[in-house]
Amino acid sequence: MTVFALVDCNNFYASCEKLFNPELKDKPVVVLSNNDGCVVARSAEVKALGIPMGVPWFKIQREAKHYGIVAYSSNYALYADMSNRVVEILSGFSPNIEVYSIDESFLDLSGFERQGYAEYGMEIRQRIADWLGLAVCVGIGPTKTLAKLANHCAKKQLAGENGVCDFTRLTTADLTCLFERIPINEIWGVGRQLTAKLEAMGIKTVRQLRDADSRMIRDRFSVVLERTIQELRGISCMDLEEVTPDRQQIISSRSFGTLIYDLADLEEAVASYTARAAEKLRQQDSLAGAVQVMIRTNVFKPEVPQYQKAVTVPLPEATADTRMLSCWTRRVLKRIYRAGYGYHKAGIALLDIRPRANQQFGLFVADDHARSRNDRLMGTLDAINGRYGRGALRLAAEGVEKPWQMRRGNLSPRYTTEWDGVAKVRAG
Amino acid sequence: MPEVAVIEGPGIFIPFPDAPKRPLPLDEVRISAGFPSPAADYEDNRLDINDYLVRNPVSTFFFSVEGDSMQGAEIFAGDILVVDKSIRPCHGQIVVAFVDGQRLVKRLYRRNGRVALLAENPLYLPLEIREDQELLVWGVVIGKFKRFGA
Chain Z
1 MTVFALVDCN NFYASCEKLF NPELKDKPVV VLSNNDGCVV ARSAEVKALG
51 IPMGVPWFKI QREAKHYGIV AYSSNYALYA DMSNRVVEIL SGFSPNIEVY
101 SIDESFLDLS GFERQGYAEY GMEIRQRIAD WLGLAVCVGI GPTKTLAKLA
151 NHCAKKQLAG ENGVCDFTRL TTADLTCLFE RIPINEIWGV GRQLTAKLEA
201 MGIKTVRQLR DADSRMIRDR FSVVLERTIQ ELRGISCMDL EEVTPDRQQI
251 ISSRSFGTLI YDLADLEEAV ASYTARAAEK LRQQDSLAGA VQVMIRTNVF
301 KPEVPQYQKA VTVPLPEATA DTRMLSCWTR RVLKRIYRAG YGYHKAGIAL
351 LDIRPRANQQ FGLFVADDHA RSRNDRLMGT LDAINGRYGR GALRLAAEGV
401 EKPWQMRRGN LSPRYTTEWD GVAKVRAG
Chain E
429 MPEVAVIEGP GIFIPFPDAP KRPLPLDEVR ISAGFPSPAA DYEDNRLDIN
479 DYLVRNPVST FFFSVEGDSM QGAEIFAGDI LVVDKSIRPC HGQIVVAFVD
529 GQRLVKRLYR RNGRVALLAE NPLYLPLEIR EDQELLVWGV VIGKFKRFGA
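Top to bottom, those sequences are chains Z and E.
If you're matching positions, the first sequence starts at 1 in this note's numbering and goes up one per residue.
If you're matching positions, the second sequence starts at 429 in this note's numbering and goes up one per residue.
Bear in mind the hints are in silico, worked out from the structure with no lab data behind them.
Warning: the hint list may mix true and false statements.
Said to hold, decoys possible - Pairwise CB distance ranges (calculated):
1. Thr-258(Z) with Arg-538(E): 50 to 58 angstroms
2. Glu-562(E) with Glu-180(Z): 34 to 42 angstroms
3. Gln-530(E) with Asp-81(Z): 20 to 28 angstroms
4. Arg-538(E) with Asp-285(Z): 27 to 35 angstroms
5. Pro-485(E) with Lys-301(Z): 47 to 55 angstroms
What the hints assert, rightly or not - 25 angstroms max Cα-Cα, derived SDA-like pairs, lysine to any residue:
6. Lys-345(Z) with Ile-384(Z)
7. Lys-424(Z) with Leu-545(E)
8. Lys-25(Z) with Glu-494(E)
9. Lys-424(Z) with Arg-483(E)
10. Lys-25(Z) with Val-40(Z)
11. Lys-424(Z) with Phe-573(E)
12. Lys-574(E) with Gly-421(Z)
13. Lys-334(Z) with Arg-276(Z)
14. Lys-25(Z) with Pro-554(E)
15. Lys-424(Z) with Glu-562(E)
16. Lys-574(E) with Pro-413(Z)
17. Lys-424(Z) with Arg-516(E)
18. Lys-345(Z) with Gly-421(Z)
19. Lys-574(E) with Arg-414(Z)
20. Lys-25(Z) with Leu-546(E)
21. Lys-424(Z) with Arg-575(E)
22. Lys-424(Z) with Gln-561(E)
23. Lys-424(Z) with Gly-541(E)
24. Lys-574(E) with Arg-426(Z)
25. Lys-156(Z) with Tyr-67(Z)
Claimed, not checked - If you want the ones that stay clear, here's a sample from chain Z, every Cβ over 12 angstroms from chain E, calculated:
26. Leu-19
27. Ser-33
28. Val-55
29. Leu-132
30. Thr-205
31. Asp-219
32. Val-223
33. Cys-237
34. Glu-241
35. Tyr-307
36. Leu-351
37. Pro-355
Computed from a predicted structure; not experimentally measured.
Cβ atoms here follow ideal geometry from the backbone N, Cα and C, with glycine treated the same way.
Assemble the whole structure, with the sequences as input and the hints as a guide.
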């Protein structure tokens, strides 16, 4: 029998902030999205106050003041490093692991039966608590869908104990009883729209969906939902996706801290996004065959003049060279830019991505010698930035002052990824 | 050599159109013309300061020091501490601890019901942890390093 575990970090971003800052102990903490827009993570204290996920920060100013909620800008460098550490620890518990998101991983536990899955889950939980100071919940089940549901039960304390819930240990009757109390929108892959449609048919609980006619579901919905039903019944239909497939497109886009009117400022932003995307492209050893540039005004302010445009152009030769790519994104930007608008967001996408190994050389473009020199230059660029921090070496086109940069009013230090960010301890 | 050429008529050789390529690994093999290095069999990895200071990289974090209360333990302002969270803190170890909203570096005292954080400088009093006070021992200090401005 296959057995999966889903390990999920509790209140991950907020927990990372609390980990290094003793002043945040027992305080309500939220983490805000880019440009400090919405609440994207909440500490347990904030959840207890009933503040919902995704709410715009400006809308809860009054509660924030009243309860003393501390808001942080997203410190992705910190979260990514802590996430990598969690994954590294998990890799010691199973040879087969799927990193599902920054705070969730699936583990294949098949074959760890003798030790007892729940005990194994406890050990995982304890190790991550001891080594990293982070709390996780572990859900265990014979399918990925059930492991995810078990995780939900562990987190909400519907079943299991000490943050570990093992469905393989429950009897069928117990499971049925439990599933009767869980609404379908808690099932992995059942979103808001699907929930509404299923509820209209009278299917409201996990138990009802599990026991629904799977043929009928396939006909009226999709094979995907039929597969979910199979998984709820304990028939594993989804394997671990151990290797993240290379991305087919790389998008780098962001809202600006303030409205941007000048082409020159937009050019800097676009050059900077291009550089970041190109770096990701080289990381997966691929080339892009086309680029897209998008700009738009603030759609949330209908009273000001609106304009938006996105244009894609194919490149004469696929490349991963930051200079080539930013030359093209800049050309496209110049073509779509219209003066007189206040731009709120810009973005670029690298498209038509293919492995470098399959490179086809253009007839009228750089010769082999120049190409290998360019590759070396980009390798050096990445190596220097890897060593001295992102953006240490960059194209002049990316600008120095970056007036368009994101608003990140309260960003915590990069405690674990930058020497200047290392936390101070007092010997006093 | 049927895959390299087809014979068309007497004495006429035409390259076989679909002949598989046989790449020769010329770049891979470095042939030295001189005497082979006598050290080739003794090559070792160069010393890495990480190996020396860090035992368990995944649970190791760095903190920088402010203040002079740990001088006696050779911990000075500006030093960077190597802190391993995977080590179980014991009596007598130097630890990073969170108390009353502060991050401290002290020597942990835990004997006979007394819990305290001790300084290594006669100018500083021990910090006694009362029953109602919460002490979080964050991690154990296993080393330190410093860079000079030279």
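To see whether the hints hold, each was checked on the structure:
Separated by about 54 angstroms at the C-beta atoms, Thr-258(Z) and Arg-538(E) satisfy the suggested range of 50 to 58 angstroms. With their beta carbons about 41 angstroms apart, Glu-562(E) and Glu-180(Z) fall inside the hinted range of 34 to 42 angstroms. Taking 20 to 28 angstroms as the suggested C-beta distance range, the pair Gln-530(E) and Asp-81(Z) conforms, at roughly 24 angstroms. The hint said 27 to 35 angstroms for the Cβ distance between Arg-538(E) and Asp-285(Z), and at roughly 52 angstroms that hint is violated.
At about 48 angstroms, the beta-carbon gap between Pro-485(E) and Lys-301(Z) stays in the expected band of 47 to 55 angstroms. Simply put, Lys-345(Z) and Ile-384(Z) have alpha-carbon atoms about 29 angstroms apart, too far for the 25 angstroms limit, and the pair is violated. Note on Lys-424(Z) and Leu-545(E): the hinted pairing holds, with a Cα-Cα distance of about 17 angstroms set against a maximum of 25 angstroms. Restraint check for Lys-25(Z) and Glu-494(E): satisfied, since their Cα atoms lie roughly 22 angstroms apart, inside the 25 angstroms limit.
This hinted pair checks out: Lys-424(Z) and Arg-483(E) have alpha carbons roughly 22 angstroms apart, not beyond 25 angstroms. Restraint check for Lys-25(Z) and Val-40(Z): satisfied, since their Cα atoms lie roughly 20 angstroms apart, inside the 25 angstroms limit. A C-alpha spacing of about 14 angstroms is found between Lys-424(Z) and Phe-573(E), which places the hinted pair at or below 25 angstroms, so the restraint holds. The suggested pairing of Lys-574(E) with Gly-421(Z) holds, with an alpha-carbon distance near 16 angstroms, which does not exceed 25 angstroms.
Under the criterion of a C-alpha separation no larger than 25 angstroms, the hint pairing Lys-334(Z) with Arg-276(Z) is consistent with the structure, at around 20 angstroms. Among the hinted pairs, Lys-25(Z) with Pro-554(E) is consistent with the structure: their alpha-carbon atoms are about 23 angstroms apart, no more than 25 angstroms. Taking the CA atoms of Lys-424(Z) and Glu-562(E), the gap is near 20 angstroms; set against the 25 angstroms cutoff, the hint holds. For the suggested pair Lys-574(E) and Pro-413(Z), the alpha carbons sit about 20 angstroms apart, so the restraint of at most 25 angstroms is met.
Between Lys-424(Z) and Arg-516(E) the alpha-carbon distance is near 22 angstroms, which keeps this suggested pair within the 25 angstroms criterion. A distance of roughly 29 angstroms separates the Cα atoms of Lys-345(Z) and Gly-421(Z); the hinted pair therefore is violated under the 25 angstroms criterion. For the hint pairing Lys-574(E) with Arg-414(Z), the CA-to-CA distance comes to about 20 angstroms; that is within 25 angstroms, so the pair holds. A distance of roughly 23 angstroms separates the Cα atoms of Lys-25(Z) and Leu-546(E); the hinted pair therefore holds under the 25 angstroms criterion.
For a cut-off of 25 angstroms, the pair hint linking Lys-424(Z) to Arg-575(E) stands: about 16 angstroms separates their Cα positions. Restraint check for Lys-424(Z) and Gln-561(E): satisfied, since their Cα atoms lie roughly 22 angstroms apart, inside the 25 angstroms limit. For the given pair, Lys-424(Z) sits about 30 angstroms from Gly-541(E) by alpha-carbon distance, which is inconsistent with the 25 angstroms threshold. Restraint check for Lys-574(E) and Arg-426(Z): the C-alpha separation of about 16 angstroms stays at or below 25 angstroms, so the hint holds.
As the CA atoms of Lys-156(Z) and Tyr-67(Z) are separated by approximately 24 angstroms, the hinted pair is consistent with the 25 angstroms bound. For Leu-19(Z), the shortest C-beta to C-beta distance to chain E comes to about 9 angstroms, within the 12 angstroms cut-off, and the non-interface label is violated. Every C-beta of chain E lies more than 12 angstroms from that of Ser-33(Z), the closest at about 27 angstroms, which supports listing it as non-interface. Remark: the non-interface label on Val-55(Z) is consistent with the geometry, its nearest Cβ contact in chain E lying 28 angstroms away (cut-off 12 angstroms).
Its beta-carbon lying about 7 angstroms from the closest one in chain E, Leu-132(Z) breaks the requirement of being farther than 12 angstroms from that chain. Interface exclusion of Thr-205(Z) from chain E stands, the closest Cβ pair being 41 angstroms apart, more than 12 angstroms. No beta-carbon of chain E comes within 12 angstroms of the beta-carbon of Asp-219(Z); the shortest separation is about 49 angstroms. With a least beta-carbon separation of about 40 angstroms from chain E, Val-223(Z) lies farther than 12 angstroms from that chain, consistent with its non-interface assignment.
The claim that Cys-237(Z) lies off the interface holds: its Cβ sits roughly 33 angstroms from the closest Cβ of chain E, which is beyond the 12 angstroms cut-off. The non-interface label for Glu-241(Z) is consistent with chain E: the shortest C-beta to C-beta separation is roughly 23 angstroms, beyond 12 angstroms. Its beta-carbon lying about 48 angstroms from the closest one in chain E, Tyr-307(Z) satisfies the requirement of being farther than 12 angstroms from that chain. At roughly 31 angstroms, the least C-beta separation between Leu-351(Z) and chain E is larger than 12 angstroms, which holds for a residue marked as non-interface.
No Cβ of chain E comes within 12 angstroms of the Cβ of Pro-355(Z); the nearest lies about 19 angstroms off, and the non-interface call holds.
Hint compliance for this structure: hints 4, 6, 18, 23, 26, 29 are not met, and every other hint is.
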